[in-house]
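Enquirer: What follows is each chain in one-letter form.
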Amino acid sequence: MSSTTAQSGLARARRGVAPGGSGTVPGKRRSKLSAQATRTFFWLLLPSVVLLVLIHGYPLIYAAVQATHDGNLLQTGNFIGGENFATVLTSPAFWKAAQFTLWFTIVGVFGSWLVGLGLALLLRTKIPAGNTFKVLLLLPWVVPIVVSSTAWNWLVATPDSLIPSLFRNLGLGTPLFLADPTLASITVMVFKVWVSFPFMMMMISAALASVDSTVYEAASMDGATRWQQFTQITLPLIARSTYISWILMTIFCVNDFPTIYLLTGGGPVNATTSLVVLAYRTVFQDFATGPGVAIAFLMTMTLVVISVILYRQIRKSSVE
Amino acid sequence: MSAVLHAHPESGPALGVDAGKPRRVLSEAGMRGRWWRFTLILAITAVVLVPILVTVVLAFTPGPNSTATGLTFENLSGVFSKTLAATWLKNSLITTLATVVVSVAVAAPAGYVLSRGRSKAVSGYSLLLFVMQSLPIITSVVPLFILFAGMGLVDNLLGLTIIYVGSTMTVATWMMAAYFDSIPVSLEEAAWIDGCSVFGSFLRVVLRNSLPGVLSTAIFAFLLAWNDYLVAIVFLRSNEIFTLPMGVQSFFQQNATDWTSVMALAVVMMLPPVIVFATLNKYFSVGGIGGSLAGR
Chain A
1 MSSTTAQSGL ARARRGVAPG GSGTVPGKRR SKLSAQATRT FFWLLLPSVV LLVLIHGYPL
61 IYAAVQATHD GNLLQTGNFI GGENFATVLT SPAFWKAAQF TLWFTIVGVF GSWLVGLGLA
121 LLLRTKIPAG NTFKVLLLLP WVVPIVVSST AWNWLVATPD SLIPSLFRNL GLGTPLFLAD
181 PTLASITVMV FKVWVSFPFM MMMISAALAS VDSTVYEAAS MDGATRWQQF TQITLPLIAR
241 STYISWILMT IFCVNDFPTI YLLTGGGPVN ATTSLVVLAY RTVFQDFATG PGVAIAFLMT
301 MTLVVISVIL YRQIRKSSVE
Chain B
1 MSAVLHAHPE SGPALGVDAG KPRRVLSEAG MRGRWWRFTL ILAITAVVLV PILVTVVLAF
61 TPGPNSTATG LTFENLSGVF SKTLAATWLK NSLITTLATV VVSVAVAAPA GYVLSRGRSK
121 AVSGYSLLLF VMQSLPIITS VVPLFILFAG MGLVDNLLGL TIIYVGSTMT VATWMMAAYF
181 DSIPVSLEEA AWIDGCSVFG SFLRVVLRNS LPGVLSTAIF AFLLAWNDYL VAIVFLRSNE
241 IFTLPMGVQS FFQQNATDWT SVMALAVVMM LPPVIVFATL NKYFSVGGIG GSLAGR
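Chains A and B, in that order, give the protein sequences.
Residues in the first sequence are numbered consecutively from 1, following this note's numbering.
Residues in the second sequence are numbered consecutively from 1, following this note's numbering.
Since the hints were derived computationally from the structure, they do not count as laboratory data.
For glycine and all other residues, C-beta sits at the position ideal for the given N, C-alpha and C.
Among the hints, a few may not be true.
Said to hold, decoys possible - Pairwise CB distance ranges (calculated):
1) A/Val190 <-> B/Ser238: 46 to 56 Å
2) B/Glu28 <-> A/Ile163: 39 to 49 Å
3) B/Lys120 <-> A/Gln228: 37 to 47 Å
4) A/Ile163 <-> B/Met151: 30 to 40 Å
5) A/Thr76 <-> B/Leu187: 25 to 35 Å
Claimed, not checked - Every beta carbon over 12 Å from chain A, so not counted as near; a handful from chain B, in silico:
6) Ser66
7) Lys82
8) Gly200
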C-alpha cells in the first residue's frame, strides 16, 4: 500500500469516529462517553500545558518585558519603550547579521535540497547495498555538531590542515578557509549543507516511495523523455514534502547556533555572525540584555508569521 | 550512454532520450548502469563521511608523545584519566535519559488528545505547539536563565533537563499524535462498548500498539538532548556539571593541538547516538516534525 492511500485513509479516519464524536456508539452511551472524554482529555493535556506555559509562554512574555526595558541579567530596569528596538534596527551589526542569516538560510535550504534530491533519486534505483548507503549517508545528521565541527576544524582551520594542504599540492594556493571573511562564510554554509542534506534526502525518499512506478512505465510508453518524466511526474509528486521541508529547513537555518558558533565563533571580523549568534553575544558577552532580547524578539515575530502560514497551508492540503 | 541510463525508468533526472525501448532487452546494460551508480554513490558516501572517518582514525592514532604503533586505545584511556570525561559522560546520560522518559510521558497523553480531540481548543493547542517549536530557543533562554537563577537551577542538571523536556515536548507531541492517527478508533470503540474508560482505552489499546511511535519520539528527544550546545553553554558553569558537548568544547579550546585526545573525546560523545541510530534506524524519523507534518 502506498503512503498516499495511507494518508487519505488517515484523513478519513480523522474525520470519522472519535470519543464522543459521530460514532456508532448508541446515543445515550455516547453523551456519557463524551463528558468522560472531555474530562480525560483535560487531565491528559495538563502536564503538556503546564510545561508549555513554563518553558515557552512565560519566557516569551518576560522577553517582551526585557526588550522594552534597559535592564541586565540581574534586574529588569526602567521602561524605555521601543528604544532597544531602535538601537538594534539602526545598528549596522544587526543588518550585517540579518544579511548573513539570509544567505546562510538560502544556501542551507536549497543547497541541502539539491544534494538531498540527487541522492534520493540515485538511491531509489536498484543499487547493490543501497540500504547501507542510505544509513551511512544519514550519519552527518546523527553525529553531534560539537563532534563534526571539531572534525571540520581539523580539516580546514590552519594552512597546514588537510584540505588547505591538498589545495597547495594541486597548485591552487593555500586558501584560509576560516580566516578569510568570504571563504569563512562559504565554509560555514557548506558545513550546514553537509549537516542538513540527510534531512532532505529522507523527506524526499519518503515521498518518492509513495509514487507508483507504473506511472513511469506508462509515461515512457507514451514517449515522455526522462526530463519530462522528472519535471511532470516526479516533481509534482514530491511537491508537498518539498514545500514542508523547505519551510522547516528555513526555520532550522534561521535558528541555528552551533553550526556557526562552533566552526567560526561568528568571525572573522563578524563575517559569519548570524542573528542568533549576535543575540547570544549581545546578551552573554556584552551583557546588553535589552538589545539582545530585542534581536531575538524580532526573529521570533518573523518565525511566528512564517509558521502560522505554513500550518494553515498544510492543514488545508491535508483536509481536502 | 542513454542505453545505460534508461534501463531504470524510475531513476529520475538523467540525460537519456530514447526511453521508449523495452527494458528487458537491455539487462546487460542495466547491470552496467547499476555498477556505475554503485561506484558513484560509493564515491559520494566516501567524501561525505571524511569528517567522521577522520575523527575515528585520529582517536585511535598514537599521539605525538606516544611510543605505540598502529592503532591504540591510549588516547581514549588518556582522556578518561586526565579529564572529567567520565563525569561528563555520566551527566550527559542522566540528562538525556531523563529528558527522553519525561518528554515521552508528557507527549504521549497530549498527542492522544491532539489525535482524537475535535474541539476548537484542541486544534488551537496543536497550532500553538507548532508555532512554539519554530521559535529560536535563544529568546526563551535569557528569561529562563533569570528565572532559574532565582531557583538555584542554573549550573544544575535538573534545570537543564527541564528546558530539554520543554523544548522536545512540542515536536514530540506532534510525533505521537501523527502515530496515534494511524491507530483506528474502531479498536477503541470496541473497548468502550465493553465498558472501558477513555483513559483505559488510551493505555490498553492505543499506547500498547504504539511502540514504533514511542521509539521514534524517544530517538528524537535523545538526539536533541544529547547534541544540544546552546542551552548547555548558557546554563552550565562548572567543569563537574558539564555535559559532553561542553566538555568536548572546553577540552578542544584548551588543547587545540592535542588532536588525538580531542578526537578520542569526540568519539566518546559520538558513540551513543551512533549506537542508538544503528540499532533503531528503522524508527528514526529525520527531524521529527518533518515526518509528522508530512503524515498529518
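Enquirer: Compute the least Cβ-Cβ separation between B/Lys82 and chain A, then decide whether it is above 12 Å.
Expert: Check passes; 18 Å lies beyond 12 Å.
Enquirer: Is 30 to 40 Å respected by the C-beta to C-beta distance linking A/Ile163 and B/Met151?
Expert: Roughly 47 Å apart at Cβ, these two residues miss the hinted range, so it is violated.
Enquirer: Does the Cβ-Cβ separation between B/Glu28 and A/Ile163 fall within 39 to 49 Å?
Expert: Hint holds: Cβ distance 40 Å, inside 39 to 49 Å.
Enquirer: Lying within 25 to 35 Å: is that true of the beta-carbon distance A/Thr76 to B/Leu187?
Expert: violated (53 Å)
Enquirer: A range of 46 to 56 Å was offered for this pair. Does it hold for the Cβ distance of A/Val190 and B/Ser238?
Expert: Violated: the Cβ-Cβ distance is about 35 Å, outside 46 to 56 Å.
Enquirer: Confirm or reject: B/Ser66 is not an interface residue toward chain A, with every Cβ-Cβ distance exceeding 12 Å.
Expert: Since the minimum Cβ distance to chain A is about 18 Å, B/Ser66 lies beyond 12 Å and the statement holds.
Enquirer: Using the beta carbons of B/Lys120 and A/Gln228, state whether their distance is inside 37 to 47 Å or not.
Expert: holds (46 Å)
Enquirer: Would you check whether the claim that B/Gly200 is not at the interface survives, using Cβ distances to chain A and the 12 Å cut-off?
Expert: violated (9 Å)
Violation of the numbered hints given earlier is confined to hints 1, 4, 5, 8; the remaining hints are satisfied by the structure.
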